[in-house]
Amino acid sequence: TGDLIEPDDGVVAVGSGGPFAMAAARALVRHSQLPPREIAEEAMRIAGDICIYTNANVAIEEL
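Residues 1 to 63 in this note's numbering are what the sequence shown lists, from first letter to last.
Check the hints yourself; a few may be wrong.
FRET-style restraints, in silico, Cβ to Cβ [unchecked claim]:
1) 1 <-> 31: 17 to 25 angstroms
2) 49 <-> 1: 18 to 26 angstroms
3) 12 <-> 33: 16 to 24 angstroms
4) 57 <-> 36: 14 to 22 angstroms
5) 2 <-> 34: 17 to 25 angstroms
6) 2 <-> 50: 32 to 40 angstroms
7) 59 <-> 19: 27 to 35 angstroms
8) 3 <-> 56: 21 to 29 angstroms
9) 23 <-> 62: 20 to 28 angstroms
10) 56 <-> 1: 31 to 39 angstroms
11) 12 <-> 52: 21 to 29 angstroms
If you are wondering where the hints come from, they were derived from the structure by calculation, not from laboratory data.
C-beta atoms are modelled at their ideal positions from N, C-alpha and C, and glycine is treated no differently.
Work the whole structure out from these sequences, hints included.
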């Protein structure tokens, strides 16, 4: 239909560890002054510690 879904807080996540990464990223966005890339990196580290299907081997691409 062409509809776009945009998150209210600017944080999105996909994949098996997505909910864990999203929770971590939301907390970091709300309670830190980290730049976006560092928030993404730390959120993925936290998700990797929690989710058995997620690990610390990630590649982050910036637009």
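Hint-by-hint comparison with the structure:
1. 1 <-> 31: 17 to 25 angstroms: violated, 36 angstroms
2. 49 <-> 1: 18 to 26 angstroms: violated, 38 angstroms
3. 12 <-> 33: 16 to 24 angstroms: For residue 33 against residue 12, whose Cβ atoms are near 21 angstroms apart, the range 16 to 24 angstroms holds.
4. 57 <-> 36: 14 to 22 angstroms: For residue 57 and residue 36 the Cβ distance comes to about 20 angstroms; the hint holds.
5. 2 <-> 34: 17 to 25 angstroms: violated, 34 angstroms
6. 2 <-> 50: 32 to 40 angstroms: holds, 35 angstroms
7. 59 <-> 19: 27 to 35 angstroms: Violated, since residue 59 and residue 19 (Cβ atoms, about 20 angstroms apart) do not stay within the stated range.
8. 3 <-> 56: 21 to 29 angstroms: violated, 35 angstroms
9. 23 <-> 62: 20 to 28 angstroms: holds, 22 angstroms
10. 56 <-> 1: 31 to 39 angstroms: holds, 38 angstroms
11. 12 <-> 52: 21 to 29 angstroms: holds, 22 angstroms
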